[in-house]
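I would like the entire structure built from these sequences, with the hints used as guidance.
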Amino acid sequence: MPRTTQRDLVAEYFAGFRTSDHERILATLTDDVEWVIHGHRTTRGRAEFDGEIENPAFTGSPRLDVERVIEDGPVVAVTGEGRGVSVAHGPFRFAFNDLFTFRDGLIARVDSYVVPLPRA
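Quick note on UniProt numbering: the sequence shown kicks off at 1 and runs consecutively.
The set of hints was computed from the structure by calculation and includes no laboratory data. Just so you know, these numbers come straight off a predicted model, no measurement behind them. Virtual Cβ for every residue (Gly too), placed ideally from N, Cα, C. Heads up, some of the hints might be wrong.
[Claimed, not checked] The following label-pair restraints were derived from C-beta to C-beta distances:
(1) Arg24 to Phe58: 27 to 33 Å
(2) Asp8 to Ile53: 18 to 24 Å
(3) Asp8 to Arg119: 20 to 26 Å
(4) Arg119 to Pro74: 32 to 38 Å
(5) Glu12 to Gly90: 28 to 34 Å
Structure (structure tokens):
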């Protein structure tokens, strides 16, 4: 059986978000995971993280297009663009940069930087 790499787990994480598959996402995370969405909020632990997978302020699953993946030791950096639908404001676009920090083969911390983009 092939060894699961950090990049594989990050790809699995994004695949889970694209389909709002909670179990798929949570399987990539440590129990004490921390998700820092810089400038917005921080979640701690799998239960809080789970609550953000389908945030009630948004509808449907996001479209996430990964552009670059860079790995350095226990950190995988991902850049890309996404689309979503806000309950209050409708469709929106954004650029993102996520830094995944690993511990014991799972994602222990996610640092997310999100920048709104003009509608295309």
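Hint by hint, here is what the structure shows:
In this structure, arginine 24 and phenylalanine 58 break the distance hint of 27 to 33 Å, their C-beta atoms being roughly 18 Å apart. Under the hint 18 to 24 Å, the C-beta atoms of aspartate 8 and isoleucine 53, about 20 Å apart, fit the expected range. Roughly 33 Å separates the CB atoms of aspartate 8 and arginine 119, a value that falls outside the hinted 20 to 26 Å. Taking the beta carbon of each, arginine 119 and proline 74 are about 37 Å apart, inside 32 to 38 Å as hinted.
At roughly 30 Å, the beta carbons of glutamate 12 and glycine 90 sit within the given window of 28 to 34 Å.
In summary, the numbered hints that this structure violates are 1, 3.
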